[in-house]
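So the chains spell out like this:
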Amino acid sequence: MSTTIQFPISRIEGHAKVVVNLDHGKVLNARFLAQEYRGFEQFLKGMPAEQMPVIVPRVCGVCSTSHHLAAVEALEDAYDVKPPPVAEKIRHLMMVGQLVQNQATSLFFFTLPDKLQATSIFGADESASKDVLGSISKKAMAVRKIGTELIAIAGGQFIHPVKAVVGGVVSGIDKAAAKEMRKKIKAAIPIACSLFDEYWQLSQKMTKAVGDWEGDDPFYYMIAVDKNDPTRPVDHVTMQKSDGSETVTFRPEDFRENLQFHQVQDSFSAKTSFNDLPIRANSLARMNLIESMGTPIANGYLERFRVQFGSPAHQILLFDLCRGIELINGLERADRLLAENLMDGEMSVPVEPRDGFGYGLVEAPRGPLIHHYQIENGLIVNVEFVIPTVHNNFSIERALTTMAKRFVHEDRIDMGLDSAMGWVVRAFDPCIACATH
Amino acid sequence: MQFAVLQLTGCAGCEVSLLNAGDELDLAKLAYMPLVVSTHDVPEVDILLVTGGIRTDEDLFKLREAASKVKKIVAVGTCAISGGVAGLGDRHDIRKHFLATTHQGRVPRMLPKCKPIDTEAEVDIYLPGCPPVPDLYVKLLNDPGSLKTTSIVCKECGRRKPKDLRPTKLTESIHKDEDPNVCLVKQGQLCVGTSTRNGCGAPCPKAGFPCVGCRGPSNNLIEKDANAWFESLANVFRRMTDIDPEEINEALRSPHLALFLFQFSDYTETELESRPKEKVL
Ligand code: SF4
Ligand code: SF4
Ligand code: SF4
Numbered sequence: 001m002s003t004t005i006q007f008p009i010s011r012i013e014g015h016a017k018v019v020v021n022l023d024h025g026k027v028l029n030a031r032f033l034a035q036e037y038r039g040f041e042q043f044l045k046g047m048p049a050e051q052m053p054v055i056v057p058r059v060c061g062v063c064s065t066s067h068h069l070a071a072v073e074a075l076e077d078a079y080d081v082k083p084p085p086v087a088e089k090i091r092h093l094m095m096v097g098q099l100v101q102n103q104a105t106s107l108f109f110f111t112l113p114d115k116l117q118a119t120s121i122f123g124a125d126e127s128a129s130k131d132v133l134g135s136i137s138k139k140a141m142a143v144r145k146i147g148t149e150l151i152a153i154a155g156g157q158f159i160h161p162v163k164a165v166v167g168g169v170v171s172g173i174d175k176a177a178a179k180e181m182r183k184k185i186k187a188a189i190p191i192a193c194s195l196f197d198e199y200w201q202l203s204q205k206m207t208k209a210v211g212d213w214e215g216d217d218p219f220y221y222m223i224a225v226d227k228n229d230p231t232r233p234v235d236h237v238t239m240q241k242s243d244g245s246e247t248v249t250f251r252p253e254d255f256r257e258n259l260q261f262h263q264v265q266d267s268f269s270a271k272t273s274f275n276d277l278p279i280r281a282n283s284l285a286r287m288n289l290i291e292s293m294g295t296p297i298a299n300g301y302l303e304r305f306r307v308q309f310g311s312p313a314h315q316i317l318l319f320d321l322c323r324g325i326e327l328i329n330g331l332e333r334a335d336r337l338l339a340e341n342l343m344d345g346e347m348s349v350p351v352e353p354r355d356g357f358g359y360g361l362v363e364a365p366r367g368p369l370i371h372h373y374q375i376e377n378g379l380i381v382n383v384e385f386v387i388p389t390v391h392n393n394f395s396i397e398r399a400l401t402t403m404a405k406r407f408v409h410e411d412r413i414d415m416g417l418d419s420a421m422g423w424v425v426r427a428f429d430p431c432i433a434c435a436t437h
Numbered sequence: 438m439q440f441a442v443l444q445l446t447g448c449a450g451c452e453v454s455l456l457n458a459g460d461e462l463d464l465a466k467l468a469y470m471p472l473v474v475s476t477h478d479v480p481e482v483d484i485l486l487v488t489g490g491i492r493t494d495e496d497l498f499k500l501r502e503a504a505s506k507v508k509k510i511v512a513v514g515t516c517a518i519s520g521g522v523a524g525l526g527d528r529h530d531i532r533k534h535f536l537a538t539t540h541q542g543r544v545p546r547m548l549p550k551c552k553p554i555d556t557e558a559e560v561d562i563y564l565p566g567c568p569p570v571p572d573l574y575v576k577l578l579n580d581p582g583s584l585k586t587t588s589i590v591c592k593e594c595g596r597r598k599p600k601d602l603r604p605t606k607l608t609e610s611i612h613k614d615e616d617p618n619v620c621l622v623k624q625g626q627l628c629v630g631t632s633t634r635n636g637c638g639a640p641c642p643k644a645g646f647p648c649v650g651c652r653g654p655s656n657n658l659i660e661k662d663a664n665a666w667f668e669s670l671a672n673v674f675r676r677m678t679d680i681d682p683e684e685i686n687e688a689l690r691s692p693h694l695a696l697f698l699f700q701f702s703d704y705t706e707t708e709l710e711s712r713p714k715e716k717v718l
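Which chain is which? The protein sequence lines are V and B, in order.
Quick note: the first sequence, position 62, residue 62 per the working numbering, numbers continuous.
Quick note: the second sequence, position 245, residue 682 per the working numbering, numbers continuous.
Calculated from the structure, these hints are not laboratory results.
Certain hints may be false.
Stretches of chain B that chain V covers, calculated by requiring three or more beta carbons in the stretch to come under 8 Å of a beta carbon on chain V [what the hints assert, rightly or not]:
| # | stretch |
| --- | --- |
| 1 | 457-470 |
| 2 | 475-488 |
| 3 | 518-532 |
| 4 | 575-589 |
| 5 | 637-649 |
Each computed EDC-like pair below joins lysine to aspartate or glutamate, with the alpha-carbon atoms no more than 20 Å apart [as the list claims (entries may be wrong)]:
| # | chain 1 | residue 1 | chain 2 | residue 2 |
| --- | --- | --- | --- | --- |
| 6 | B | K606 | V | E198 |
| 7 | V | K45 | B | D530 |
| 8 | B | K550 | B | D494 |
Only some residues are given here: those of chain B computed to face chain V with a beta carbon under 7 Å [said to hold, decoys possible]:
| # | residue |
| --- | --- |
| 9 | T446 |
| 10 | C448 |
| 11 | V453 |
| 12 | A537 |
| 13 | T539 |
| 14 | P545 |
| 15 | P568 |
| 16 | H612 |
| 17 | D614 |
| 18 | F667 |
The structure displayed is predicted, hence computed values, not measured ones.
Built from N, CA and C at the ideal position, the CB exists for glycine as well.
The whole structure should be built from the sequences, with the hints applied where relevant.
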């Protein structure tokens, strides 16, 4: 007899649920189903190509900057232009702001409540101590806000940025504003570190409770960042097998030959595989494949991480800790970038729009993101978004299945299955609005 | 005063903006918002903020259920107010194809059209923006009386509009801010700040990018139909530039333009009552 158990999942971006399928009390599999859809790939058809950088950030209010920049880069690829160096730096800063914003949100607002057995970080529920949460949430909000302020200073708007345009950026960053921002960052770094240390302690307990994830390989890690600066995107995607035995790279325009896309009927999100194996993108993939963070404090954390968990490390809940290392790295990076002259020099180059194809690749907080546009008569005729959460979907379901088996026995279901399902999903920090677009 | 946020089909930008207002709001009063709080049902609260459009049967069901439990409803963001980006699938030239390819037995079911929330629930206050900036949330929740948006984005932008500067054509597709002190319309760009309600602080034109009107029509226009909005903008360009009115007309009426999506996206196909201006913040 087959039955299902369903869990709505909160504290993630967007609407999704987990369904565990059982047969005679035995776990068959667990599914992760996306529950919303807007249809960007369809309604963008017929729109003027140069409108993309304004419209596509609205795919997602959490990682809008990634879409903004992927769009601009895809058009630059189609028109064959290269932005001037200052514009590149300002865009880099936008991405760093995005990383800080996203990692802080995921770390403190999405997953920290799990570690404190609270429903939220704000202390609305009586179960957790209000005072403790009150002070944590104040600090967490302050750190997170640095991220949105960086997006605002570099991108014009704090959520759906506007400053990147085809050929460059519309304006630079005022020196006084940059100085002011650096002050705030310097003040935020120790706060972020102390929050993260606390987080590290708390997750240690949970990592033990969850155990490791034997039976979960092989699979591929996927990144598109510089090995000595994981905030900086590169022009190719790297795939590495979990045991390190194989490494493949490909350029964004070759994604169809390298990735397999699986449409499913019960979810609005597709799933991707590589060599028919699951993929893991996001923070842990980056920490496993890079050499260094390129900034001192974050490097210290990375070292500590590698000593404690090994390298590569595969436990699911380590995604969370890697996000913390990246948060600190983002703050340090932003400080460095803002020390440069971002006000003088050419902000954009002349552009001659033309028809054809374009591919844009950026490393979004959740992994490599590709936009592909086909342009005819200046209008979009075809669009494809290759989304990091979609790469992770198989891995999420595999981890959920492993986890469900620990809780579901033929004669009983152990307490805590629903929270455990939440932990697993949140470790991957999926973004449903992006995944379904 | 407890409040809750119901997230329908949107991008979560409206929620992220609310989080940014966190240091001035008492978020311990936030009883429900799935993005950051894991409570599964909307509790009985004084104020319910609704973000996103009604795109699926589940959106509809959730809204109806929540509406019965709360005292006041605020429609937050372009998606909730007019369908916004979530409603773009309704563009007539793609709608059939859109529905045909998306249904395929998936749940929740897509509704035939994406609807603004006031088609299904009584809305007490509208807070437009894509997303509304944090400061607007602070005022809304802490001191709604202080929220009087009576002017246009230009007031907050502050770029100069020199009389003798009269562009003769719209700039080519790529935006470029030639002079950060001069109004973008005076640089031949299609900025709609002159017809858009203020309250956002004009971040876009300040950064050098034309306002695309995400805050919606200004009070002078809000109770009128879309034609009044087009005419008002056409007039602005006639007064401020020497660009051929035909060129402006064509550019403004292109239903594919981003700016069109934020202003009046609901007026294109749906017959909607215009919103009384005292309800719009
Ligand atoms: S109004 Fe804008 S920010 Fe808010 S949900 Fe819709 S697209 Fe996102
Ligand atoms: S740039 Fe736009 S918002 Fe600023 S003054 Fe000109 S029309 Fe108004
Ligand atoms: S300037 Fe215009 S587009 Fe930008 S936030 Fe304000 S109303 Fe929205």
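| field | Hints breached by this structure | value | Failing hints, ascending: 4, 6, 12, 18.
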